[in-house]
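Undergrad: One-letter residues, chain by chain:
Protein chains: 2
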Amino acid sequence: MHRFFAPDIAETLTLPEQESQHAVRVLRLAEGDEIEVVDGKGNLYLCRIALAHSKRCGVEITGRTAVPNHWQGKIIVAVAPTKNLDRMEWMAEKATEMGVDRIIPLLCRHSERKELKTERLMKILVSAMKQSLKATLPQLDEMTPIARVLTDASLPRQRFVAYCDAATERRQFEQCYSLEEDVVIMIGPEGDFSPEEVELAVANGFVPVTFGESRLRTETAAMYAVAACHALKQK
Amino acid sequence: MHRFFAPDIAETLTLPEQESQHAVRVLRLAEGDEIEVVDGKGNLYLCRIALAHSKRCGVEITGRTAVPNHWQGKIIVAVAPTKNLDRMEWMAEKATEMGVDRIIPLLCRHSERKELKTERLMKILVSAMKQSLKATLPQLDEMTPIARVLTDASLPRQRFVAYCDAATERRQFEQCYSLEEDVVIMIGPEGDFSPEEVELAVANGFVPVTFGESRLRTETAAMYAVAACHALKQK
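First to last, the sequence lines map onto chains A and B.
Under my numbering, the residues of the first sequence are numbered 122 to 356, in order.
Under my numbering, the residues of the second sequence are numbered 122 to 356, in order.
Just so you know, these hints were derived from the structure itself, not from any lab.
Just to be clear, a hint being listed does not mean it is correct.
Said to hold, decoys possible - Within a straight-line C-alpha distance of at most 27 Å, the following computed DSSO-like cross-link-like pairs (lysine-lysine) qualify:
1. B:K354 x A:K356
2. A:K251 x B:K204
3. B:K162 x B:K238
4. A:K356 x A:K251
5. B:K176 x B:K251
6. A:K354 x B:K354
7. A:K176 x A:K195
8. A:K204 x B:K251
9. A:K356 x A:K195
10. B:K204 x B:K162
11. B:K251 x B:K162
12. B:K195 x A:K356
13. A:K195 x B:K356
14. A:K176 x A:K204
15. B:K235 x B:K176
16. B:K356 x A:K354
17. B:K162 x A:K195
18. B:K176 x B:K195
19. A:K354 x A:K162
20. A:K204 x B:K176
21. A:K238 x A:K162
22. A:K204 x A:K162
23. A:K251 x A:K176
24. A:K354 x B:K195
25. B:K176 x B:K238
26. A:K251 x A:K162
27. A:K244 x A:K195
28. A:K162 x A:K195
29. B:K244 x A:K356
30. A:K244 x A:K356
31. B:K204 x A:K244
32. B:K238 x B:K354
33. B:K238 x B:K251
Hey, can you work out the whole structure from these sequences and the hints?
TA: Have a look at this one:
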């Protein structure tokens, strides 16, 4: 069955314009057809099209299922967007498919990309959420200076900073990740974190970790981190 | 130090044309400059440029280090190339960065892509090998019909087929992967394996597995499989 995204479906009983267009114009769905609608907050609605309007497609809700994320312990990645935006977008797509709770685009001293439009990324997250049969949209923050992330007391206590510099003492991520606790993993830009950033991170409870002997690109490290969390949880 | 790829460096003492061009034209390296050269077979050579020729850059070898892959137990993925070639290329890049021994492009009944030029992919593997500081190039096979993979007795005995159809009894991959043994993991095309393909796979010792509750795209599943192997090995 076709799946649509409508954050306020329970209140509006109407698909957003783009989703309406896709349903009615592209897929040529008609009144009476059944569709699935997720609200990005963990709910999956079974709906029947009541008004096949190509801008404001109206629906009748025939059922609701709670579809919480299937993993225990939130996974938050704070990652410096790559200079090449494609790489960031792929990472966000893959992380969402595998399962991530929140992505914080990180502004670091060595960041090659200082600005980020989250609108386009958001669309990718929506599509990846639908694709991977989830009903919860990851939280996507605006670009956030690292200092603000480091001192954000609302972030989980289990916090890691993935750092490339082998001169710093680092633990093996897989060996210190506590599976059921919420976690935030920080991943630096192409030029890595500055030593001062790492120092400040450590002072704020971030444990320096490595993902192994391969030197991973920023977006690969972020994808690996998310994959590793799930692999270890599913072991 | 700059790193180059030259499969026959020990015999030829010369960089291939493209690498010569990059060294001499782009990076403007000159006689006497030191470079690193990997041969894709696990050797890292320390070299000094002896002849800064932009097509046949000559070198003198001053040292050799064996750099075997850092993981135990080969990781082989047999994956159906995606319709969108970009997705396959990203997957191959990421798998190489994280560490993979062999990639077998799989031709299945539901494959949307029936042909694959491996030349371009090979360049991506070379670049990802250099980027991630490895000295071994993954083996990249030509497009191979699934029947030939299924009956290839030279493949490892630990064999899995990742299958989306929840109606089939599947084990959780992370719970049955034996870390130190070589492994081959088969991942199907966008339209999944046909039931006959899965049946034949099972008859040939492939264990049907799932990677969890998220429905992953083909290339995400392949990347996840490689990441999961490393995460579990590094635990």
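Undergrad: Please flag the earlier hints that this structure goes against, numbers listed from lowest up.
TA: Violated: hints 7, 10, 14, 15, 17, 18, 20, 22, 29, 30, 32.
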